[in-house]
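Q: Let the sequences and hints guide you as you build the complete structure.
If you read the protein sequences in the order shown, they are chains A and B. In case it helps, this note's numbering puts the first sequence at residues 114 to 306. In case it helps, this note's numbering puts the second sequence at residues 114 to 306.
Hints were generated in silico from the structure; no laboratory data involved. Take every hint as true, because none was put in to throw you off.
Copies of one chain are not kept apart here, so a pair can be met inside one copy or by any two copies together.
Distance condition first, Cα-Cα at most 20 Å in a straight line; then the derived EDC-like pairs of lysine to aspartate or glutamate:
1. 230 x 136
2. 229 x 136
3. 163 x 140
4. 265 x 298
5. 256 x 196
Protein chains: 2
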Amino acid sequence: MPRLKAPQRRQQLIEVATRLFAEYGYDATTTAAIADAAGVTEPILYRHFKSKQEMFVAIVREMSSQTLKHWHDLTTGIDDPMEQLRRIAEEFPDHIRRLADAYHVLHNALTTTHDKKVLGVLREHYEQIERFFVDIVVAGQKKGAFRPLDPKVPAWQFIFTGIGYAMVALNLTQFEKTNVEEAIEYILRGLKA
Amino acid sequence: MPRLKAPQRRQQLIEVATRLFAEYGYDATTTAAIADAAGVTEPILYRHFKSKQEMFVAIVREMSSQTLKHWHDLTTGIDDPMEQLRRIAEEFPDHIRRLADAYHVLHNALTTTHDKKVLGVLREHYEQIERFFVDIVVAGQKKGAFRPLDPKVPAWQFIFTGIGYAMVALNLTQFEKTNVEEAIEYILRGLKA
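A: Shown next as C-alpha cells:
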C-alpha cells in the first residue's frame, strides 16, 4: 500500500469514512471496516482519530467549512444581497451533489444519534449557517433592499429549504426537478422592502 | 400475555416497530426484536406482516393518513385558505411531537434506504402532501386571495419547512424555539395577491 504523509492519510480516512457512513449508516460502520477500506491497519487509523465519533466530528466540521468557504467565494464581489442569495441557490443543487455523502451522513446522524458530542457538532453547524444568512439579510436591510423583520426568520427559511431539498432531491429521484431556484425566488419575494 | 384481536395486534406491532426503528434505526432492528418487545413469537408477527419492509410500509402509510386526516379535520369549516394554512402551522409542533417516532423512522429511512419499495412509499407520502397543499393554494387562487403562480412552489415551501423544522426541532433541542408559525407567516406573505 502507498505510504501517505499524515495530512493526506487523515484526509483519505475522512473520505473513506464518509463513504461508508453514507452507505451503511454511522452505527453499522466499524473503525475496522474503515481501516480495511482505506488499506491501513486499525492502529494506524487510531493515530489519526481517537474514535469513530472523532471521525464523524471531522466530517461535519469539514463539510461546514467547505460549504461556508464555497458560499463566501460565490458571493465575494457581488454587492447586492439579493443577488448573493440567488448565486448560492443557483449552485446549491451541484453543491449538495458534490457533498452528497457528507449530507447523507449529517442528516442520517440528525435522525438517529443520541450522542451529545455529535449533537453538539450538528448544532454548531446550523449556528454557523444561520449566522451566514443572518449577515446577508442584515446587510440587505441596512441597504434598504430588505424589509425590517427578524433576520432569523428568512435565515431559517433558507436552512429549511436546504435541508428539505437535500433530503428529497438526493434520495427520491422523482423529485429531482423540484426547483430550488424557484423556491429561493419565492423566499426572496417575501424579503423585498 | 393478553390475547389481542387481529386488528389490535396489528396496531400494537406497528407501534412497537415504530418505537424500535426510531430508537435503533430500521437496519439495526430485527423482526425477532420487534416480536420480543411486543410479547409475541415471530410466527405470530409473520401472520400480520410478511417482512420488516412490510411493517415499514405500514408505518409510513399510517402516518401519512393520520397527518392528512388531522389536517382535513383542522381545516374543515374554515373558508379562508390563508387561515387553513395558519391552523395547520399552529398545530404542527404538537403534531410532529405526537408522531415524533414515526417522523424519525421516515426521515431516517429517507437518508439511508436503497430499497425501491420503501422509496416508492416515501414518494407516495410526499405526493399526497404536495397534492394537499396544492389544493389549498389553488382554492386561494380561485378566490383571488393568492397570487397566480405555480402552486407547487408554495406547496414545496410548506413541505421543506415541515421537513426542516421536524429534523431540527425534534433532534436539536436548542432550536426548539425556531418558530414554525413565523415561518408559515413568512411563506403566506409571499402568497398574497
